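Engineer: Grab the two chains, each in its own frame, and use the hints to assemble them into the complex.
As they're listed, the protein sequences go chains A and B. Just so we're aligned, residue 1 is where the first sequence starts under the numbering used here, counting upward by one. Just so we're aligned, residue 1001 is where the second sequence starts under the numbering used here, counting upward by one.
Any given hint could be a false lead.
[Said to hold, decoys possible] Taking CB as the label site, the calculated pair distances span:
1. B:A1178 with A:T24: 27 to 37 Å
2. B:A1178 with A:W292: 31 to 41 Å
3. B:N1277 with A:G192: 33 to 43 Å
4. A:L240 with B:H1054: 44 to 54 Å
5. A:G42 with B:N1277: 48 to 58 Å
6. A:P80 with B:V1270: 27 to 37 Å
[Stated by the list, open to error] Listed below are several chain B residues computed to face chain A (Cβ distance under 7 Å; list not exhaustive):
7. K1011
8. P1031
9. T1113
10. A1243
11. L1261
[Stated by the list, open to error] Examples of chain B residues lying across from chain A (beta carbon under 10 Å, computed):
12. M1036
13. I1087
14. S1091
15. V1093
16. G1116
17. F1125
18. R1180
19. V1184
20. S1269
Bear in mind the hints are in silico, worked out from the structure with no lab data behind them. Predicted model, so just to flag it, every value in this text is computed and none were measured. The beta-carbon is built from N, C-alpha and C at its ideal position, and this holds for glycine as well.
What follows is each chain in one-letter form.
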Amino acid sequence: MRSRDLGFRLVIGVFAAALLLIVTAIGFELARQSWLSIQKFGFEFWRTSTWDPVAGEFGALPFIWGTLYSSILALVIATPVALGIAVFVSELCPPVLRSPLIFLTELLAAIPSIVYGLWGIFVLVPFVRLLETWTPEALRALPLFSGPPLGVGMLAAGLVLAVMVVPFTSAVAREVLKTVPTTQREAAYALGATRFEAIRAAMFYARTGIVGAIMLGFGRALGETMAVTMVIGNNPQVSLSLFAPQYTMSAVIANEFTEATDELYLSALVEIGLVLFIITLLVNGLSRALIWTMARRVPSKVTA
Amino acid sequence: MNSVPTAAPRKILSALFVGACALSVALALVPLAFIMFFVVSQGIQSLNLDFFIHDPRPVGEPGGGMRNAIVGTLMLTGLAAAIAVPIGVVSGVYLSEYRGTRFASAVRFAADTLNGVPSIVIGVFAYGVAVLPFRHFSMLAGGLALGIMMIPLIARTTEELLLLVPNALREGALALGATRAKAVMTVLVPAALPGIITGVVLALARVAGETAPLLFTSFGNPFLSTSLTQPVSSITVQVFTYAISPYEDWHRQAWAGALVLVSIVLICSVAARLATNRVARIRGH
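This is chain B alone, in the form it adopts within the complex (with noise of 0.2 Å):
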């Protein structure tokens, strides 16, 4: 082949850089694969019936799980999601139907502000209007954290879903002497309910797997508490717990809970991604 003199070096250069940006992704994937190597199969040691049906023994006693925790990770992301969808998919609704407007552009700012506001300093908050005034952690205060954590999440994504509902429907229904209340909630908030429910479990898994806005609200506690103002144990903070602790026991533990969360990501991750795939099946995309 004819080429000019200079050619040579630049193909070797820009082959050079096609092999650099495959090895950014391999230098990636190692981590990743390091990562789900150590938690399978460290965690898979510990995980038996009895890590899910026992509490915590004292350090030394064979037996004892983390009943507890996985108790309270369940009810503190319920919690969560209660004080969350309401206020995400509403907001989602108001940020899609009038969203030219002054006050839903100051909204969507404010919600993507609240979703870069990291998660430590929303417990501090929490603490101080849910913790402060009682004077003892509470599960409602954990909750309230992790809640305030999914509103932005959820309102974003309820907004995009329902801007991809095709605007003929809308039209249809208002074209049928619908009121603008009757469109949404028979047409348009169906129509984007599958994605919606994907998005409301995503936020849910992200939630789940927070460590630090529990910290200093819900705490944690040894024992199995379903109580709403009482401390309650969470998976991430017994991990935490159990991780800077000096006994292998419990590091052992730490290693079950952490193939407990990851798995709950996995599992959350894929089922979401297959129902996206299904809905974009269905729209014919």
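Isolated chain A (complex conformation) (with noise of 0.2 Å):
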């Protein structure tokens, strides 16, 4: 290699290495900003209820409580739409309408959090309110659907996040369908299978890539904040109720950081970002491993 080639290549590595050195940065910092609070309670700090900043007792376990049942909602609503409209885009719907549903599901997408956040408050929650007022008292008797009907609750959060999750699921489940050899639907057409069995088929081979795709969703609600905050209630409870108005890590970072004046309430808040920070890392690693190995011959088209 040429000595002006190598220079070239070392200046512009310099700013590529800026990406690992942030990232590197961002696992330090919290780390070093949490200590206090995970020398001070160390796992217990996750297995207890008490949240109470003045006493100066923190307690996270309704924090990740509600982030992942939040989270888990939002998949199981999410996840059938968003394979349905993977499936209707690359397989079913006409050519002239690919572009355009492709383009509207984009803009779900594109739509910001805080736009979520304004039209759940004011549009979606009087409606949960309307839904939990209508639900039979005998179904209310159960543990899933007790709790006065507030609207603000684990149900509007669970449904705004599955609106935001379902663009990036059917994005990427679609670009996994993309990769499945066309041999194979030919195959299963010249078996005589009808197209559901053809389709069947074709998702059964792509299976690895829309788990991948599923999990990309679970990662984006883990880590969602402003829609889920304004409409979740910010109650910390360990509740298995939907009408229950609960809490999130992030909303909790959201809320209480600019109130946290002792070190050790910001330390707290630290740590729960620390952990919102090493869950979605695992789980988006595993997503994008998982696309990969669906999809190792066209890998510029599926970015995690």
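Structural biologist: Put into structure tokens, the structure is as follows:
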């Protein structure tokens, strides 16, 4: 290699190294800022539910519960819809419709979280409250539907999150379906398969990537902040009820970070951020690994 | 038509499946239509000239707008671009020029990782490095947080677009005796430039709509501020503050702010789409 080219490579390499540096610095800085809380509470931090900044008692169980509950709920609602869209757009719809439909679903992803939140507060929450009031008494006796019909709460959060996650999951699932060789479908049709059976075969072929797409949506839901903060009710409690106002990791950081005046309080909030960082890192890493395994031949097309 | 006895239920199942897929598209488009409807119908009522040229007034006083927040968002995104465009584009060049190397894989992994980090976590990080040491919120901290979010978006777009440039162009430049640097700067990057600009615009649109990383970095400011070292308002944070307030007046302002945000996103997406189509046509795809 010519020395001038080596110099060029080194110079642009420094810029590229900035990306590595930033990711490392985020992990390091979060660990450093949360050290006080980690040392003081240890693992108890994640097993206790008392969140009392005045008394200096911090237990983050309700937050991790709320984050996992709302994300899983969103996943349960969003996954069938997202896969349906992916199949419709890539396999079923007339070619003229394909591009506009892709554009519209992308638009769903482009709408800022705060706009979802605003819409959530003033449109979705009243609607959810109505649904909750209509729920028959017999059902309300179940733990899943217990509590007063407030509107704000887990159900509203799950619904908003689901809408926000659909475009991500469906976009990746669409790209994954594209990588299924046409021969797979042709073979199915040649054997007399119906459309459903042929698509089922294609989806089975692409299963690894589809699981990756679903996990990518999960990763998005875990970290989503504003919209959830605005509709979940912000009440730190561990409850099974869809109607109960709860809290999430990102929401507690968003709401309380500027109020955290003493060091331990701030440290506890940063620790929640650190764990959120680690969880999303693992989920996204796993999802990318799955998508890559599936789509190794066309890696640049599928970016997680 | 002759068919085996088992065909009928299978065909019905297949038709149901096709129907269910079409239904899911409708299910996703319903919230989109609802959101658009409410943002436009509610927002348009409070969107007037005052909204753009006045700062907020105390609750109860008529008039007042979001000038401070609009200027703040423009400056914050400008600052973010100033940080992210050089790092992002140059990293993208590295990723495409040296794509087989270990280091490139590591950087690509870092970019994808960073892209998946929740924006609130990036806010916490920016707070730690740019607010805490100086003991006050600032535009600089907010711009840093948004810039960090933009870098991986720009890097990956640049990489993908450079890979689309025909290899013959690169080889031609090198065959004429150009150095790698010269080939990149005079041939490859110019060829991919329209796409890179589109990518930057989309990244800008995305961070302009971010709220979480600004809550405790650039914070907010009821007055117009253009100082890098002072807290500054942004449309998103202002909408948040107004939305969770109990005042009708502020709710109306929040909807107007949301309409501005959605318009920015919409204009950028449509512009980007038109630009990409044009590039695709020129390339003859």
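Engineer: Hint by hint, note whether the structure agrees.
Structural biologist: Now the hints, each set against the structure:
1. For A1178 (chain B) paired with T24 (chain A), a C-beta distance near 35 Å keeps the hint of 27 to 37 Å intact.
2. Roughly 34 Å separates the CB atoms of A1178 (chain B) and W292 (chain A), a value that falls within the hinted 31 to 41 Å.
3. For the pair N1277 (chain B) and G192 (chain A), the beta carbons lie near 40 Å from each other, so the given range of 33 to 43 Å is met.
4. Restraint check, L240 (chain A) to H1054 (chain B): a C-beta distance of roughly 48 Å satisfies the suggested window 44 to 54 Å.
5. Distance hint for G42 (chain A) and N1277 (chain B): a CB-CB separation of about 56 Å, consistent with the stated range 48 to 58 Å.
6. Judged by the Cβ atoms, the range 27 to 37 Å given for P80 (chain A) and V1270 (chain B) holds: they are separated by roughly 30 Å.
7. For K1011 (chain B), the interface hint holds, since its Cβ comes within 7 Å of a Cβ in chain A; the closest pair sits about 6 Å apart.
8. At its closest, the beta carbon of P1031 (chain B) sits 5 Å from a beta carbon of chain A; the interface hint therefore holds under the 7 Å criterion.
9. A hinted interface residue such as T1113 (chain B) counts as satisfied when its beta carbon comes closer than 7 Å to some beta carbon of chain A; here the least separation is about 5 Å, so the hint holds.
10. Proximity of A1243 (chain B) to chain A holds as hinted, the smallest CB-CB distance being about 5 Å (cut-off 7 Å).
11. For L1261 (chain B), the suggested interface contact is upheld, since its CB lies about 5 Å from the closest CB of chain A, less than 7 Å.
12. Taking 10 Å as the C-beta contact cut-off toward chain A, the hint placing M1036 (chain B) at the interface holds, the least distance being around 9 Å.
13. Interface hint at I1087 (chain B): satisfied, since its Cβ lies 5 Å from the closest Cβ of chain A, which is below the 10 Å cut-off.
14. For S1091 (chain B), the interface hint holds, the least distance from its beta-carbon to any beta-carbon of chain A being 4 Å, beneath 10 Å.
15. A distance limit of 10 Å between C-beta atoms decides the matter here; for V1093 (chain B) the minimum to chain A is near 6 Å, and the interface restraint holds.
16. Hint status for G1116 (chain B) relative to chain A: holds, with the closest Cβ pair at about 4 Å, below 10 Å.
17. Below 10 Å, beta-carbon pairs count as interface contacts, and F1125 (chain B) has one with chain A at about 5 Å; its hint therefore holds.
18. Taking 10 Å as the C-beta cut-off, the interface hint given for R1180 (chain B) holds, the closest approach to chain A being about 4 Å.
19. About 8 Å separates the beta-carbon of V1184 (chain B) from the nearest beta-carbon of chain A, less than 10 Å, and the hint is met.
20. Using the Cβ-Cβ criterion of 10 Å, the hint placing S1269 (chain B) at the interface with chain A is satisfied: the shortest such distance is roughly 6 Å.
The structure agrees with every numbered hint stated previously.
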